[in-house]
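Number of protein chains: 2
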Amino acid sequence: MINKGLLLIISGPAGVGKGTIVNYLVEGESNYFKSVSATSRKPRYMEREGEDYYFVTRAEFMRRVKRGEMLEYTEYNGNYYGTPLPPMKAHFEAGENVVLEIETDGAFQVKSKMPDAVLIFICPPSYEQLEARLRGRNTETEEAIIRRLSTARHELSLMPKYDYIIVNEDGKSDLSAQYVREIVRAEQLSSKRGIPHIILPE
Amino acid sequence: MINKGLLLIISGPAGVGKGTIVNYLVEGESNYFKSVSATSRKPRYMEREGEDYYFVTRAEFMRRVKRGEMLEYTEYNGNYYGTPLPPMKAHFEAGENVVLEIETDGAFQVKSKMPDAVLIFICPPSYEQLEARLRGRNTETEEAIIRRLSTARHELSLMPKYDYIIVNEDGKSDLSAQYVREIVRAEQLSSKRGIPHIILPE
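Top to bottom, those sequences are chains A and B.
Each residue of the first sequence is one higher than the one before, counting from 1 in the numbering used here.
Each residue of the second sequence is one higher than the one before, counting from 203 in the numbering used here.
Incorrect hints may have been included.
Interface residues of chain A toward chain B, partial, derived using beta-carbon atoms under 10 Å [unchecked claim]:
1) V110
2) M114
3) E131
4) T139
5) L189
6) S191
7) G194
Cross-link-like lysine to aspartate or glutamate pairs, in silico, DMTMM-like; alpha carbons within 25 Å at most [claimed, not checked]:
8) K363/B <-> D163/A
9) K4/A <-> D365/B
10) K111/A <-> D170/A
11) K206/B <-> E75/A
12) K394/B <-> D163/A
13) K192/A <-> E342/B
14) K192/A <-> E251/B
15) K394/B <-> E75/A
Just so you know, the hints here were simulated from the structure itself, not pulled from any lab data.
Even for Gly, the Cβ is constructed at its ideal location relative to N, Cα and C.
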């Protein structure tokens with residue numbers, strides 16, 4: 001087994017429960033580290049630097065892009081969002097797995113730069129259950145829900161491009177997190193990641 | 203996740219502890235089934251039909267080969283040994299995983315016929331530990347030990363052709379069996395084995 005941390009990219013439609021699964025992975029004495037995004041937008045109420053986001057100016061964001069410090073980035077609603085590479089490095093070297101919760105376009109950007117990354121798609125048990133979960137949040141307008149469901153259709157069509165697919169059953173996010181750990185173990189035992197070196201006598 | 207059993211092929215040098223790992227997998231209320239080989243050699247003392255081997259005549263063995271009922275076979279010391287396909291089928295259909303403990307040549311024969319098979323190599327922590335385990339058995343002549351070590355060198359050189367490699371640490375066969383279960387879970391979640399079918403509304 002190779003004692004190097006893996007880069008896990010976790011995607012899935014809004015409302016599927018990605019955040020809860022990632023929280024299960026990183027809580028406690030875990031060897032999982034959740035990557036924090038950088039953004040050029042202003043902090044909202046209660047958002048904490050380095051926990052919710054790294055907050056930087058637009059100019060500083062683009063300087064980091066040019067220095068190659070962003071694994072991927074995108075512009076959305078006039079603000080930049082991206083995945084900073086430097087904070088990950090120490091965690092990889094300590095053998096920790098870095099978890100990136102990211103949408104599909106960003107996932108494929110990262111995979112093209114880091115082909116060893118493991119792409120995991122979190123899938124709802126059914127479209128109806130996804131819709132029910134989104135409506136159950138009671139925090140969004142009908143228009144926003146319709147937009148999210150339209151995005152979800154697109155994302156579900158990209159499932160085959162992921163390495164692994166986990167169906168996140170209702171109330172079973174801890175089980176889905178366990179599946180992620182099992183995937184990580186298997187990847188670490190995979191011969192494509194390295195062969196144990198057995199020294200043979202002359 | 204696809205509810206179809208997997209074919210697991212487990213190889214590794216004599217003395218590495220394959221048998222103990224397979225016993226951990228199949229014992230209790232397990233969904234693992236150990237494949238039993240067929241042979242044309244005569245039963246030895248205490249060997250039981252259908253448990254240690256399926257005992258058949260040479261003529262019957264070759265009839266089964268010609269009918270395509272042997273996944274692989276080989277001749278050794280004037281006797282045929284092979285892996286019968288029919289007993290596996292019911293187990294696969296019941297969603298059970300079939301475990302084949304088999305040497306490297308047979309492993310590659312099976313993989314070429316059933317490309318979905320998962321090849322797992324059990325590796326000793328070191329060559330010295332393998333030698334110590336073989337000598338510790340106290341059941342074999344020096345000549346036999348030297349022959350087994352020579353075969354082991356050849357087998358270790360074939361490790362990279364396996365999908366997964368598990369280093370079986372001393373006294374940790376239960377952990378190695380757990381690794382096998384984690385590999386099976388990951389394979390079942392792998393997108394290459396199938397994509398969950400989500401029905402979208404019109």
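Hints and how they fare:
no., hint, result
1, V110, "violated (17 Å)"
2, M114, "violated (18 Å)"
3, E131, "holds (9 Å)"
4, T139, "violated (23 Å)"
5, L189, "holds (5 Å)"
6, S191, "holds (5 Å)"
7, G194, "holds (9 Å)"
8, K363/B <-> D163/A, "holds (21 Å)"
9, K4/A <-> D365/B, "holds (18 Å)"
10, K111/A <-> D170/A, "violated (29 Å)"
11, K206/B <-> E75/A, "violated (43 Å)"
12, K394/B <-> D163/A, "holds (7 Å)"
13, K192/A <-> E342/B, "violated (36 Å)"
14, K192/A <-> E251/B, "violated (40 Å)"
15, K394/B <-> E75/A, "violated (32 Å)"
In this structure, the earlier hints numbered 1, 2, 4, 10, 11, 13, 14, 15 are contradicted, and the remaining ones agree with it.
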